Amino acid sequence: MNPVTQAILLSASTLRMLPHIALFLIHRDKFSDDLLKVQDCRDSVLNFIKACTREKAFRNLFYYRMGEYRSVFISWLLPPEGTMHIWCPSIGPGAHFEHSYATYLNARSIGRDFYCLQLVTLGNGNNGAPVIGDNVRIMTGATVFGGISVGNNVTIGANTVVNKDVPDNCVVVGNPARIVKLNGERVDIKL
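Position one of the sequence shown corresponds to residue 2 (this note's numbering), numbered consecutively onward.
No lab work stands behind these hints: they were computed from the structure. Please read these numbers as outputs of a predicted model, since none were measured by experiment. Keep in mind that a hint or two might mislead.
Stated by the list, open to error - Simulated DEER-style distance windows between Cβ atoms: (1) R187 / P4: 40 to 50 angstroms; (2) G142 / S91: 18 to 28 angstroms; (3) D34 / Y105: 15 to 25 angstroms; (4) G129 / P4: 44 to 54 angstroms; (5) D30 / K165: 28 to 38 angstroms; (6) R43 / G129: 16 to 26 angstroms; (7) S12 / E186: 51 to 61 angstroms; (8) R179 / P4: 47 to 57 angstroms; (9) E186 / S150: 13 to 23 angstroms; (10) G147 / P4: 46 to 56 angstroms; (11) K165 / N3: 46 to 56 angstroms; (12) D34 / Q7: 23 to 33 angstroms; (13) Y70 / S12: 28 to 38 angstroms.
What the hints assert, rightly or not - Computed list of lysine-lysine pairs in BS3-like fashion (alpha-carbon distance at most 27 angstroms, straight line): (14) K38 / K182; (15) K38 / K57; (16) K31 / K57; (17) K165 / K182; (18) K165 / K191.
Note that CB positions come from ideal geometry on N, CA and C, so glycine has one too.
Use the sequences and the hints to build the structure in full.
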């Protein structure tokens, strides 16, 4: 985009974002790691403005981190992605939601550096909702449900259905889910 056009658009967006910017500056520590995953990958006000202007899913994360009652007064100025729902007591720092429309996140907890694409469902099943570890990547259309644990450093492939515990350091694909990579080695293990 032309730098002059970009400056004009960001300036106009900044006016409607003044309450957002104020909350960001007051609670900056809540968003530092998240901002390192989007746009310019910097913990700066300019990057915050860019992320909120260009990425509706980032707005959902911002409003989630601010809390339902604080964000209700400002979310109409910069609407979130309406088809993304977060019902999770805690999401660790460094989360990144990319194109996360039609996404429903209902987990007991989600660890650090969580990456999620569109059409993902984390939900209730037998014995409750899942616990998601650190550095987990969930690709398009995956479904993870039940009172299970997903370990650290896990990638869940597109359209994978997971309803059993997943160990650390693996790649899981398919329906029914299978481990195809474990600790860097190719394998074929049923969950």
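Each hint tested on the structure:
1. Distance hint for R187 and P4: a CB-CB separation of about 46 angstroms, consistent with the stated range 40 to 50 angstroms.
2. Checking the proposed 18 to 28 angstroms range against G142 and S91 shows it holds: the Cβ atoms sit about 25 angstroms from each other.
3. A C-beta distance of roughly 23 angstroms is found between D34 and Y105, which places it inside the suggested range of 15 to 25 angstroms.
4. The beta-carbon spacing between G129 and P4, approximately 50 angstroms, falls within the hinted interval of 44 to 54 angstroms.
5. Between D30 and K165 the beta carbons are some 36 angstroms apart, a value that agrees with the proposed interval 28 to 38 angstroms.
6. Under the hint 16 to 26 angstroms, the C-beta atoms of R43 and G129, about 38 angstroms apart, miss the expected range.
7. In this structure the supplied range 51 to 61 angstroms holds for S12 paired with E186, their Cβ-Cβ distance being about 52 angstroms.
8. In this structure, R179 and P4 meet the distance hint of 47 to 57 angstroms, their C-beta atoms being roughly 48 angstroms apart.
9. Distance hint check for E186 and S150: the Cβ-Cβ separation is about 22 angstroms, which falls inside the suggested range of 13 to 23 angstroms.
10. With their beta carbons about 50 angstroms apart, G147 and P4 fall inside the hinted range of 46 to 56 angstroms.
11. Checking the proposed 46 to 56 angstroms range against K165 and N3 shows it holds: the Cβ atoms sit about 51 angstroms from each other.
12. Checked against the hint of 23 to 33 angstroms, the C-beta distance between D34 and Q7 comes to roughly 25 angstroms, which is consistent with it.
13. Separated by about 30 angstroms at the C-beta atoms, Y70 and S12 satisfy the suggested range of 28 to 38 angstroms.
14. Only pairs whose Cα atoms come within 27 angstroms are accepted, and K38 paired with K182 is accepted, the gap being roughly 25 angstroms.
15. Between K38 and K57 the alpha-carbon distance is near 14 angstroms, which keeps this suggested pair within the 27 angstroms criterion.
16. Straight-line distance between C-alpha atoms of K31 and K57 comes to about 18 angstroms, which keeps the hinted pair within the 27 angstroms bound.
17. Between K165 and K182 the alpha-carbon distance is near 16 angstroms, which keeps this suggested pair within the 27 angstroms criterion.
18. With a C-alpha separation of about 10 angstroms, the suggested pair K165 and K191 falls inside the 27 angstroms cut-off, and the hint holds.
Of the numbered hints listed earlier, the single one contradicted by the structure is hint 6.
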